[in-house]
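**Student:** Spelled out, the chains give:
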Amino acid sequence: EDQVTQSPEALRLQEGESSSLNCSYTVSGLRGLFWYRQDPGKGPEFLFTLYSAGEEKEKERLKATLTKKESFLHITAPKPEDSATYLCAVQGSSGGYNKLIFGAGTRLAVHP
Amino acid sequence: DGGITQSPKYLFRKEGQNVTLSCEQNLNHDAMYWYRQDPGQGLRLIYYSQIVNDFQKGDIAEGYSVSREKKESFPLTVTSAQKNPTAFYLCASSIKSNTEAFFGQGTRLTVV
Numbered sequence: 001e002d003q004v005t006q007s008p009e010a011l012r013l014q015e016g017e018s019s020s021l022n023c024s025y026t027v028s029g030l031r032g033l034f035w036y037r038q039d040p041g042k043g044p045e046f047l048f049t050l051y052s053a054g055e056e057k058e059k060e061r062l063k064a065t066l067t068k069k070e071s072f073l074h075i076t077a078p079k080p081e082d083s084a085t086y087l088c089a090v091q092g093s094s095g096g097y098n099k100l101i102f103g104a105g106t107r108l109a110v111h112p
Numbered sequence: 113d114g115g116i117t118q119s120p121k122y123l124f125r126k127e128g129q130n131v132t133l134s135c136e137q138n139l140n141h142d143a144m145y146w147y148r149q150d151p152g153q154g155l156r157l158i159y160y161s162q163i164v165n166d167f168q169k170g171d172i173a174e175g176y177s178v179s180r181e182k183k184e185s186f187p188l189t190v191t192s193a194q195k196n197p198t199a200f201y202l203c204a205s206s207i208k209s210n211t212e213a214f215f216g217q218g219t220r221l222t223v224v
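Residue numbers (the working numbering), protein chains in the order written: chain A, 1 to 112; chain B, 113 to 224.
These are calculated hints, taken from the structure and not from any lab test.
A portion of the hints provided could be inaccurate.
[Stated by the list, open to error] Looking from chain A toward chain B, a few residues come up when the C-beta cut is under 7 Å (computed):
| id | residue |
| --- | --- |
| 1 | Pro40 |
| 2 | Lys42 |
| 3 | Gly43 |
| 4 | Phe46 |
| 5 | Thr49 |
Beta carbons are placed, not taken as given, at the ideal position from N, Cα and C, and that holds for glycine.
Generate the whole structure from the sequences, applying the supplied hints.
**Tutor:** Structure (structure tokens):
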């Protein structure tokens, strides 16, 4: 069964303190791995798509990496405005159609 | 501006009533989706549609219905058969069914 597990559930950082969020997955025939940012009461905002092991994508203070079993979202020198829930999702090819399987997310709080 | 518009933002339903959530997109995307988000859980797929006049059940379709009469619109009806409808509902669309999805701002439904 396709599954996505994110850790930690919550993370508190001081401004400037770099860290990483983990997304472990099992999926039949990975088509893509997606990272989203979600602010409270809002819809998820698309960040990155990764398609194959070894691939990396960067955007401002965020860098996403992918292996065959997990993905990391590295946050370098975070600022308070990076506080949000970060969601990971995978898209596999089982079941005859492509759908996103989401993890429960990591709630990130960055304090000044 | 292109995007996905969900309305209303907040919706209150009495027990036994059907309610319809609106989702409109002007991105010219073929695929549209409805997800449900509950605290501490990942997003779960309710229904999806890859083209006009076609839609498929997701993982938790019981108590919900949809239609896709126009490419731009994918309304979701929460029927009285849905036993626990209080949740945050998210509509999304993608160019095709195997590319990244973009989300609306959500509708929070509360049963009173």
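**Student:** Does each hint fit the structure? Answer for all of them.
**Tutor:** Tested hints:
The closest approach between the C-beta of A:Pro40 and any C-beta of chain B is roughly 10 Å, which is over the 7 Å cut-off, so the hint fails. For A:Lys42, the suggested interface contact is upheld, since its CB lies about 6 Å from the closest CB of chain B, less than 7 Å. Taking 7 Å as the C-beta contact cut-off toward chain B, the hint placing A:Gly43 at the interface holds, the least distance being around 4 Å. A hinted interface residue such as A:Phe46 counts as satisfied when its beta carbon comes closer than 7 Å to some beta carbon of chain B; here the least separation is about 5 Å, so the hint holds.
With 7 Å as the threshold, the beta carbon of A:Thr49 comes within range of chain B, its nearest partner Cβ sitting at about 5 Å, so the hint holds.
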